[in-house]
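Residues 0 to 361, numbered by numbering that gives the first Met the number 0, are exactly what the sequence shown covers, in order.
Keep in mind that the hints were calculated from the coordinates and are not lab data.
Possibly wrong hints are sitting among the right ones.
Stated by the list, open to error - No more than 25 Å apart at the CA atoms, straight line, and that leaves these computed lysine-lysine pairs for BS3-like: (1) LYS116 x LYS103; (2) LYS165 x LYS103; (3) LYS186 x LYS214; (4) LYS331 x LYS116; (5) LYS105 x LYS165; (6) LYS273 x LYS186; (7) LYS116 x LYS216; (8) LYS202 x LYS214.
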Amino acid sequence: MLKIPRKIVSIINFKSRLPYFGSAWFNFGYGWQIAKDTARRQCDIIHIHNFSQFVPTIRDRNPEAKIILHLHCEWVNRLDREAIAARLAHADLVISCSDYITNKIKTRFPEYAGICKTINNGVNINYFVPNPQDRPQHDTNAPQLLFVGRISPEKGVHDLIDAFIKITEQYPQAVLTIAGPHLIVAKALLCDLQPEPEVQALKYFYSIDYLEHLKSKIPAHLSSQVIFTGSLHQQELLPYYQQADVVVNPSLSEAFGMSLVEAMATATPVVATKIGGMPEIVDNRVTGLLVEPGNPQALADAAMKLISHPDRAREMGTAGRRKVWQRYSWSKIAENLIDTYAAIGVELESNDTQKAVARSLS
Numbered sequence: 000m001l002k003i004p005r006k007i008v009s010i011i012n013f014k015s016r017l018p019y020f021g022s023a024w025f026n027f028g029y030g031w032q033i034a035k036d037t038a039r040r041q042c043d044i045i046h047i048h049n050f051s052q053f054v055p056t057i058r059d060r061n062p063e064a065k066i067i068l069h070l071h072c073e074w075v076n077r078l079d080r081e082a083i084a085a086r087l088a089h090a091d092l093v094i095s096c097s098d099y100i101t102n103k104i105k106t107r108f109p110e111y112a113g114i115c116k117t118i119n120n121g122v123n124i125n126y127f128v129p130n131p132q133d134r135p136q137h138d139t140n141a142p143q144l145l146f147v148g149r150i151s152p153e154k155g156v157h158d159l160i161d162a163f164i165k166i167t168e169q170y171p172q173a174v175l176t177i178a179g180p181h182l183i184v185a186k187a188l189l190c191d192l193q194p195e196p197e198v199q200a201l202k203y204f205y206s207i208d209y210l211e212h213l214k215s216k217i218p219a220h221l222s223s224q225v226i227f228t229g230s231l232h233q234q235e236l237l238p239y240y241q242q243a244d245v246v247v248n249p250s251l252s253e254a255f256g257m258s259l260v261e262a263m264a265t266a267t268p269v270v271a272t273k274i275g276g277m278p279e280i281v282d283n284r285v286t287g288l289l290v291e292p293g294n295p296q297a298l299a300d301a302a303m304k305l306i307s308h309p310d311r312a313r314e315m316g317t318a319g320r321r322k323v324w325q326r327y328s329w330s331k332i333a334e335n336l337i338d339t340y341a342a343i344g345v346e347l348e349s350n351d352t353q354k355a356v357a358r359s360l361s
């Protein structure tokens, strides 16, 4: 039986104003075991991803360690302010994957703005590379469009299918590949947290089978031109990116936009919605095109603009690859993280630094 020390009990708000996944009780046993193990190991840095409820528990057993909360979603910005502020008080640094998340935290918790920093997600630029041959010249009537990500309402796949139907009116042999698992995020993590109209409109999809709904939208004569690959390992994605004419991310909620960075690394032009962290990745009309969310016609028009102007699309792809090299390579991210550790008083040995950079490239 897990015995909870009295001091830890005082940290937990038994009358929680938080949903279960955000409460101190969520995976409490796991957090407590991590707290004990890191104390036994005398860790200098404890880097926690997303789950702010672990911060006070781990701090209790590790008073001298530097604790970093690293956020890849909007939970901290959406959950009860008082409860989250009490957790942030135990952190030395709050890292977010995009300025979109960081700036929201600074606004909501101005007292902790000084410990907030953005470190983007990265990509292996030695693996995600352009096609070694020239990008294939497809039949002008058969452009290849690609979506990479979970098949879930907030990813906007329903809008993409509507856009694709419009595209086939001009390009009747176009092909849309939807690469990713049917993995729907829980309603409590999405609609119950985000009041934005485009997110609230997604509630309907939780009353139906979303994947079957998507398939039902596809006209019979286009059924062979919309390909659902199912779940793919990252190692399997490269040829899809290399063969695509356009990669589209139609998300309605997105903290970062990993598929955009991977696509840009392969010099593939992209279309994305002006949501979350994606406008930080895509420089509109330079490395890709940005459109308003929830607008299939705008998605279709942007994709067709790239398809009908291959030279301009190629320029955007090249500019995208350049931006990824400059900003999103794992070696760049690792160096940034190491500098961040140093800024809070933890200097890594040279061997540790080399290992960290090496791991980032593997």
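Comparing the hints with the structure gives:
With a CA separation close to 12 Å, the supplied pair LYS116 and LYS103 stays within the 25 Å bound. Distance check on the hinted pair: LYS165 and LYS103 sit about 36 Å apart at the alpha-carbon level, beyond 25 Å; violated. About 21 Å separates the Cα atoms of LYS186 and LYS214, which keeps this hinted pair within 25 Å; it holds. With a C-alpha separation of about 15 Å, the suggested pairing of LYS331 with LYS116 holds against the 25 Å cut-off.
For a cut-off of 25 Å, the pair hint linking LYS105 to LYS165 is broken: about 41 Å separates their Cα positions. Of the pairs offered as hints, the one joining LYS273 and LYS186 holds, with about 22 Å between alpha carbons and a cut-off of 25 Å not exceeded. Between LYS116 and LYS216 the CA atoms are separated by roughly 42 Å; this puts the pair beyond 25 Å, and the hint is violated. Annotation: proposed proximity of LYS202 to LYS214 holds, straight-line Cα distance about 19 Å (limit 25 Å).
Violated hints for the displayed structure, listed by number in ascending order: 2, 5 and 7.
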